[in-house]
Every structure is written in structure tokens, then in C-alpha cells.
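Peer 1: Protein chains in written order, with numbering that gives the first Met the number 0: chain A, 0 to 497; chain B, 0 to 327.
In case anyone wonders, no lab produced these hints; they're calculated from the structure.
Keep in mind that the hints are not guaranteed to be accurate.
Claimed, not checked - Not the full set, but computed from the structure, chain B residues with beta-carbon under 7 angstroms of chain A:
{"no.": "1", "residue": "V14"}
{"no.": "2", "residue": "A17"}
{"no.": "3", "residue": "V36"}
What the hints assert, rightly or not - A few chain A residues that don't get close to chain B, going by computed Cβ distances all over 10 angstroms:
{"no.": "4", "residue": "A22"}
{"no.": "5", "residue": "V57"}
{"no.": "6", "residue": "A166"}
{"no.": "7", "residue": "A189"}
{"no.": "8", "residue": "Y291"}
{"no.": "9", "residue": "I329"}
{"no.": "10", "residue": "D413"}
{"no.": "11", "residue": "K421"}
{"no.": "12", "residue": "R451"}
We treat Cβ as the ideally placed atom computed from N, Cα and C, and that holds for glycine.
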Amino acid sequence: MLFSSYTFLFQFLPAVALAFAAARRHSPRAGILVLTAASLFFYGAWRPIYLLLLIASVAANFSLGLLMQDPLRRRAVGLVGVAFNLALLCYYKYTNFIFDSINMLTGAPLPFVNIVLPLGISFFTFQQIAYLVDVMRGAPVERDIVSYTLFVSFFPHLIAGPLVHHAEMIPQFKRGRTSRSAVLAARGLAIFAAGLFKKVVIADNLAQFVSPVFAHVDAGGGVTTQWAWLATLAYTLQIYFDFAGYSDMAVGLALLFGIRLPVNFRSPYKAMSIIEFWRRWHITLSRFLRDYLYIPLGGNRLGEQRRYLNLMITMLLGGLWHGAGWNFLIWGGLHGLSLCVNHLWLAWRRAGAKVRSGPATIASWAITFFVVVIAWVFFRARTAAGAWQMLGALFGFGAESSAYVSPGVLRLMDLPLLVGEKPLLLIGAGMVALALAVVLVLPNVPQLYGYREYRRAPEKEGRLRWRPNLAWAMVSALALSISLFGMWQRLEFLYFQF
Amino acid sequence: MSGLSISKSTSLPRVRTASARWITAALALTALTWLVVLAALLAIANRVHDDVPVMLAIKLPLLSSHPELIFAGESRTEYQVDPELAAQLIGKPQGSVVNIAYDAGEPLAVLAAMRREPDRFRKAHVVVSVVPFLFNEGVRSAAVYPLDVAARLGVAEQMLSFLPLRVGTLIRFIREAFASRLAADRDVAETAPQPPLSGLQVLNHTQSEDRWPADVGSHAHYASWNISGAKARFEIGALCEMVGLAGKVTVVVPPWAPRYDRASDSEWRQKDDQYVALVADAGRACGFDVLNIASVPGLGQGNYADEMHVNASGVPIYTRYLVSRLKP
Numbered sequence: 000m001l002f003s004s005y006t007f008l009f010q011f012l013p014a015v016a017l018a019f020a021a022a023r024r025h026s027p028r029a030g031i032l033v034l035t036a037a038s039l040f041f042y043g044a045w046r047p048i049y050l051l052l053l054i055a056s057v058a059a060n061f062s063l064g065l066l067m068q069d070p071l072r073r074r075a076v077g078l079v080g081v082a083f084n085l086a087l088l089c090y091y092k093y094t095n096f097i098f099d100s101i102n103m104l105t106g107a108p109l110p111f112v113n114i115v116l117p118l119g120i121s122f123f124t125f126q127q128i129a130y131l132v133d134v135m136r137g138a139p140v141e142r143d144i145v146s147y148t149l150f151v152s153f154f155p156h157l158i159a160g161p162l163v164h165h166a167e168m169i170p171q172f173k174r175g176r177t178s179r180s181a182v183l184a185a186r187g188l189a190i191f192a193a194g195l196f197k198k199v200v201i202a203d204n205l206a207q208f209v210s211p212v213f214a215h216v217d218a219g220g221g222v223t224t225q226w227a228w229l230a231t232l233a234y235t236l237q238i239y240f241d242f243a244g245y246s247d248m249a250v251g252l253a254l255l256f257g258i259r260l261p262v263n264f265r266s267p268y269k270a271m272s273i274i275e276f277w278r279r280w281h282i283t284l285s286r287f288l289r290d291y292l293y294i295p296l297g298g299n300r301l302g303e304q305r306r307y308l309n310l311m312i313t314m315l316l317g318g319l320w321h322g323a324g325w326n327f328l329i330w331g332g333l334h335g336l337s338l339c340v341n342h343l344w345l346a347w348r349r350a351g352a353k354v355r356s357g358p359a360t361i362a363s364w365a366i367t368f369f370v371v372v373i374a375w376v377f378f379r380a381r382t383a384a385g386a387w388q389m390l391g392a393l394f395g396f397g398a399e400s401s402a403y404v405s406p407g408v409l410r411l412m413d414l415p416l417l418v419g420e421k422p423l424l425l426i427g428a429g430m431v432a433l434a435l436a437v438v439l440v441l442p443n444v445p446q447l448y449g450y451r452e453y454r455r456a457p458e459k460e461g462r463l464r465w466r467p468n469l470a471w472a473m474v475s476a477l478a479l480s481i482s483l484f485g486m487w488q489r490l491e492f493l494y495f496q497f
Numbered sequence: 000m001s002g003l004s005i006s007k008s009t010s011l012p013r014v015r016t017a018s019a020r021w022i023t024a025a026l027a028l029t030a031l032t033w034l035v036v037l038a039a040l041l042a043i044a045n046r047v048h049d050d051v052p053v054m055l056a057i058k059l060p061l062l063s064s065h066p067e068l069i070f071a072g073e074s075r076t077e078y079q080v081d082p083e084l085a086a087q088l089i090g091k092p093q094g095s096v097v098n099i100a101y102d103a104g105e106p107l108a109v110l111a112a113m114r115r116e117p118d119r120f121r122k123a124h125v126v127v128s129v130v131p132f133l134f135n136e137g138v139r140s141a142a143v144y145p146l147d148v149a150a151r152l153g154v155a156e157q158m159l160s161f162l163p164l165r166v167g168t169l170i171r172f173i174r175e176a177f178a179s180r181l182a183a184d185r186d187v188a189e190t191a192p193q194p195p196l197s198g199l200q201v202l203n204h205t206q207s208e209d210r211w212p213a214d215v216g217s218h219a220h221y222a223s224w225n226i227s228g229a230k231a232r233f234e235i236g237a238l239c240e241m242v243g244l245a246g247k248v249t250v251v252v253p254p255w256a257p258r259y260d261r262a263s264d265s266e267w268r269q270k271d272d273q274y275v276a277l278v279a280d281a282g283r284a285c286g287f288d289v290l291n292i293a294s295v296p297g298l299g300q301g302n303y304a305d306e307m308h309v310n311a312s313g314v315p316i317y318t319r320y321l322v323s324r325l326k327p
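With the hints as extra help, turn the sequences into a complete structure.
Peer 2: Shown next as C-alpha cells:
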């Protein structure tokens, strides 16, 4: 059940909202029970059999947590729990990648195992690993199975994040206060509308310039430089609007039930460095990798060389978290390398104490954006050959006799219009430029909607700011109604595959 | 609407009330805006709509052989008539008989194809199958509503007829309108590759026992029975107009599966007689033959994929019978 589906919007969500409101009148606890039941139903609607996996995972980790109340067994049980979660993730996500890699290296004929990747397994596994590690470090054990289950399975974040932390979620479920629910719901509806528009209207319309081109190079074809740049830039923006849109929808949906989720994106393409990019892109994953991988590896406490090694390990594993494939590893490696270079540059600059000028600022942004765009090629391509083909084409080495030829059909909200190949290239470039302008000029959703999670928002308040007035009701209504027409495309969220 | 605004000094109860009002206003405006956008899209769709849908356009390259016998219409021709066998039966070479029927195909679409390529139909015998939902106003579902009829209704009537519960039909109409325009702009009817088996599609399955409807009288195709509306007017009109554009026109009313008994299903008999009479009366007035096939000798229950379509085993039996009944 996609957030951008008619079933979700017109059946599931109203039913859950009404049931939640009725239950909340009875008691806050009843409201939490409704949300837990609805979340399990939401997951089971995809493949009922995998609901058993989710329940088993929740039950096992909750039980392990209880066992860890004994200080003598805490560490051993915690390590077993982490190993159990990683084994589960490895089995479902990495079995075929491991077999393929062994095949490639040794020639051993290992079979292809037909395993369906359970939706959201990377997210709910990581959240529970974080819980076990924190309990090992001395955090209190959760004894309420309902709150714990809802922390893991709360439907707005279950499938594609944001990656939530038990310490920021569970206390919200136990809070009795309901007085601000209408205020939060109004903000939630506005944020949800913005997220739906980002996904359905912007990301899904950009997809037409991405999917056929990458499919062509993955199948062994070539591509001209023009199409390579259009496809790569369109993907750069598609993945941002798709994932940030999903995260906004998750935040908005959670607010409808009075729950605050962490912000996942803060205008990442405005970043002036790769370090800043990772503070703005998929923030909750960066936070997890920092707290549960980079710092335990030693972080920057063990000297410069070790710091760079830790950065590379963290980013390589971060790449693998996104998908079981060498391309994801290369993508993570490129970002790791860029972070190392960025830190070296910062160290050198500190030594020289240079002041950043206007042109330098522009150059910083351009270099950062360029690196991010190039790395996306490996992230998007399904095959290594396809990625290299696309990369070559970006630098003028791609046009061959087998170059991609577009049928020249523009699809606006999936309604086809025959325009011809050259006009399509121009329209595509225009759409990419418009989307980029939105990214660079407009404030991000937390700024625009004044969304405070449980921490202080880092951005300053802008002039353009959501208010519950008629003008903003009109803006949200437009976003929602236009998106409702785009929803007939039924394109899945890109991050569902992770 | 002034109550929607909240100043910083407002008390919490007032803020809550204003927030609740804002949610209501936003949802109401969404509904209103959605209706306006829908009307605009329908107006555009009405302009770009082409009466020849994609599913028919991709079959029209078959006409390049200038066939003598053209089977057209809906799924009970698409899945049941083997043109190659029919060509053998009438002693003609392959290509002289084709099957251009498609799912939920309507006479208006065939008429549009005849007008577009008159030379390919002028000397041919066109055999068109029909189905109750083509005439019954009570059937408004997205899957089978004849879109060429929808295109003739105008925006206001479209919205009044289908909103709110049949919005899917309007959405399908908009999408198909753009798709048919694209097919026309790309000249699919001329440039597409020829479909295999001269246009026959084969159903290889038989549905499980629990999916068969209990009776036909209450079947969805006969729901809210009314054959005096726009559908009947336009589709019967199309059948009549075909007569002047083809060598000969025969309209076929194909049978339902033999498990259904007309004698014991008075509701079905009554409705079916009305719609067959509607077609037969038009045939007499306009000059086309009507072939009402209540049953086919040798075609048993095992030859059916579902309540109305034969499976692969039934295709030769049905084809032989149909060809034998066609008058030269």
C-alpha cells in the first residue's frame, strides 16, 4: 500500500484516523493500540507472510531487551541480538550478492536463491540494532510490548524511514497530552500535501527522462552526451524529490496522529561540501552510521589515518546498506573518498586560514554538486557496464551506433504527448532546471512549515512560512488535487527497494 | 474564513478551533480544485480523443492484406474466432480473413476505422459481435464503458453521469483519450507490426469453480437494465452507418457458457430478448444481418474459460459454427 495510492488515501488513512480519534477519546493507550494494529495491517497488506517475519523480529528483539535487564548477561545477549539482526538482514538482502561474488572470484557454481526482500527490512532491522546497542550501553529496557512494537512498525516510517530512534519515539507513545492534536494535524496535512506533490508531480514526471535511458545502457546500449546529462541530472533530482517527498509524507502522516518524526532532509543540494551534504541528506541514516558504526570504529579519536579508514568503512557499508551490489559499494566508496578529501582540504584550509569569497562559494557548491551527481550514476545503474557507459557518455565518449533514441513522447502525469526527440530534450532540460531552481531557491519543508522535531531546528526562520490561513489552505489544496491526478501513474518509491 | 488566521497571542482553544477549521477548509478546497482540474482535463480529453483506441489501432495493420472477411467487435470475437481457420473453411488464402476485435470493443470504434480507411472495408464482409453492456446504461464501470460514447457526452454530462462513484470511468477515459491520440499521431494503424495469428488471442485457462457466476440474469452486464440511453443510441447508430461503408455487415450475438439455462432464468431471458430485439430491429431498418447464437452444437462447458469466453479448445468449434452460419 503506497502512500500515493487511492487505497491508502481514501480507505486506509481515513479509517485509521477515525478509529484513532475515537480511541483517543477513550484513552491515549487505546489510541496507541489502534496505531499498532493499523501498522501491522499496513505491513501485512503487502504480503501477509512477511508480517510474521516482522512480528518475529519485533518479538525476538523485545525479548532480548528484557533478557538484557540482567547486567551480567547484558553484553553477551546484546551481541547475540545484533548478530541475529545482521544475519536476518544478510539472508534476505545479501545472500545472492555473496553467492554472485564468490562465483565471480572462485568460479564455484553457487545457485541463485529466489528470496523476496521484505519491505523495509533495512529500516526495521537497523532501528532494533540501535535499540540493543543502546541497552548494552546502559539505556533503559523497554517493558511495554505495544510501545515497542509501534516504535518499530509505526506505518508512516515502516517502509522507507526516516530511521527512528527508540529514545525519540517511545516517550511520545506514552505521553498522555492531546490538547495540541488539531494544531499538529493541520501542520501534518500541509506537510503531507507538500510531500505528495514532490513525489507524484515532480519526481514521477522526471522519471521519464531517467528510466528508459538507464535501461538502455544497462542492456548494453550507448547514449549521447546530451541524453546522458539529462538522464543523470533528472535522476539526481528525481531521487531527491522521491525520497524527500516520502519523508515529508511520513512526517505529515505521523503529525496527524500527534507523533513527531525526525527530519530526514534539509536542502541537501544546497550543500557547499560533501561533509555538509551528509548532514542534510538522509539525516537519520547518517546519524545511525555515525553513532553505531563510525564512532564505535574509533571515529576521529585514533589519529588522522584511522579516521579516514573509518570514514571509508562507514561509507562503503552505507553504500551496501542501500543495496546488494558492487555499484552501491562504488557509490559508497566515492562518497567516502570525497569525505576524506573534504576533511584533508579543511585541515589544509585551517592551516592557511583563508577566507571564503563569493566565487569560492560558488565553486564549492559546484564541486560538491558535481561529485554527488557523478556518484548517482553508480547508484542508479543496474550493471557496472551500464554505469561506466553512462559515465563515459557524460564526458563525450558515449555516442555510438547503438545510442539511445527516444520515441519523442512526453508524459505529463503519465498522459502521453508526441513532441519529437529534440523538443523532448529541451522540455526535459527545462523540467530539470525548474526542479533544480525549486531545490536551490525555495526553503525546505522544515523551514517552510516551521516543523520542529524534538530538537532545535538548525535553520533560521524564513519570510515564507506556513500559517493556517486561507492562502495556505489553497496552496495545500492545489498540491493535493493535482497530485491526486498524478497518482494514477503508480510509480513505486525509489527507496522501497532498500 | 477570517477564523482561519491565528495570531501569536491567541489562546490554545482558539488555535485548536482555527486548526480544525483550516483542515476542513483545506479538504473542501481540495475537493473543489480537484473538480475544476477534472473538468479541464475532460475538456482536453474530449478534444484529443480519437474514436479508434490503441487496442484497435494496433490491429489495423492486418487490413493491409485487403481481407474479404473482417471479424470485429468485442472479446467474444477476439478470443473465439480463428481467422486462419476461417480462411481455410471458405477456401481463401491466409490474410483474406482477419480478426480486429478487442476487449470491450464497440461499434463506434469500428465505424471510425472504416471511415479512416474506407478502401479496406468497402468490399469486405464485416462481422461485428456485440455484448449487453454496450447498450445497457446501467453498466458504468471503468473496465467496459464504451469510451467513444463517453466522448460524445460533453463535460457536464460526463461529470454528472459518473461522479462520484464511477470516477474511474472518467479517469480511464482521459488516459485512453491521450493514448488514442498518440496512436493516431504516430500512425500506429499503418506502421505497427502485424499481430500474430491474424489477430486471434487465445485463452488457455479455465477459471476455478467458485468464480463462475451463479446465473446470468443478475450478471453485471445486465445490472440496472436500461437500453434506451446514449449508449444504445450511438452504438446502434454506428452499426447502421457501417452498412454504407462495407460490402456486407453481420452483427453477432455470441452465446454464454452452456451451464446457464435461459429457460430457468427468466430475468436473463427477458433482458436478453430486449437487447437482441433492439439489434434485430436496427438490422431490419438499416440493412444488416443479425446472428443470434444462443448455443453452439459441440461446444461444452469444458470448452469455456469463464462464463462468456471459450478457451483454446473451443476456438475451432466456435469458428466453424460461426463461419457456417454466415451468409455469403
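Peer 1: All hints are to be evaluated individually against the structure, with a verdict given for each.
Peer 2: Do the hints match the structure? See the list:
1. Because the closest C-beta pair between V14 of chain B and chain A is about 6 angstroms apart, less than 7 angstroms, the hint holds.
2. Interface hint status for A17 of chain B: upheld, as the beta-carbon distance to the closest one in chain A is roughly 6 angstroms, under 7 angstroms.
3. Checking V36 of chain B against chain A: minimum C-beta separation of about 6 angstroms stays under 7 angstroms; hint holds.
4. Here A22 of chain A stays apart from chain B, with its beta-carbon at least about 18 angstroms from theirs, past the 10 angstroms limit.
5. Remark: the non-interface label on V57 of chain A is consistent with the geometry, its nearest Cβ contact in chain B lying 33 angstroms away (cut-off 10 angstroms).
6. At roughly 28 angstroms from the closest C-beta of chain B, the C-beta of A166 of chain A stays outside 10 angstroms, upholding its exclusion from the interface.
7. With a least CB separation of 7 angstroms from chain B, A189 of chain A falls inside the 10 angstroms interface cut-off, contrary to its annotation.
8. Listed as outside the interface, Y291 of chain A is consistent with that label: its C-beta sits roughly 38 angstroms from the nearest C-beta of chain B, beyond the 10 angstroms cut-off.
9. Remark: the non-interface label on I329 of chain A is consistent with the geometry, its nearest Cβ contact in chain B lying 38 angstroms away (cut-off 10 angstroms).
10. For D413 of chain A, the requirement that its beta carbon stay farther than 10 angstroms from each beta carbon of chain B is not met, with the minimum near 7 angstroms.
11. With a closest Cβ-Cβ approach of about 16 angstroms to chain B, K421 of chain A is found to remain outside the 10 angstroms limit, as its non-interface label requires.
12. Under the 10 angstroms C-beta cut-off, the non-interface status given to R451 of chain A relative to chain B holds; the minimum distance is some 15 angstroms.
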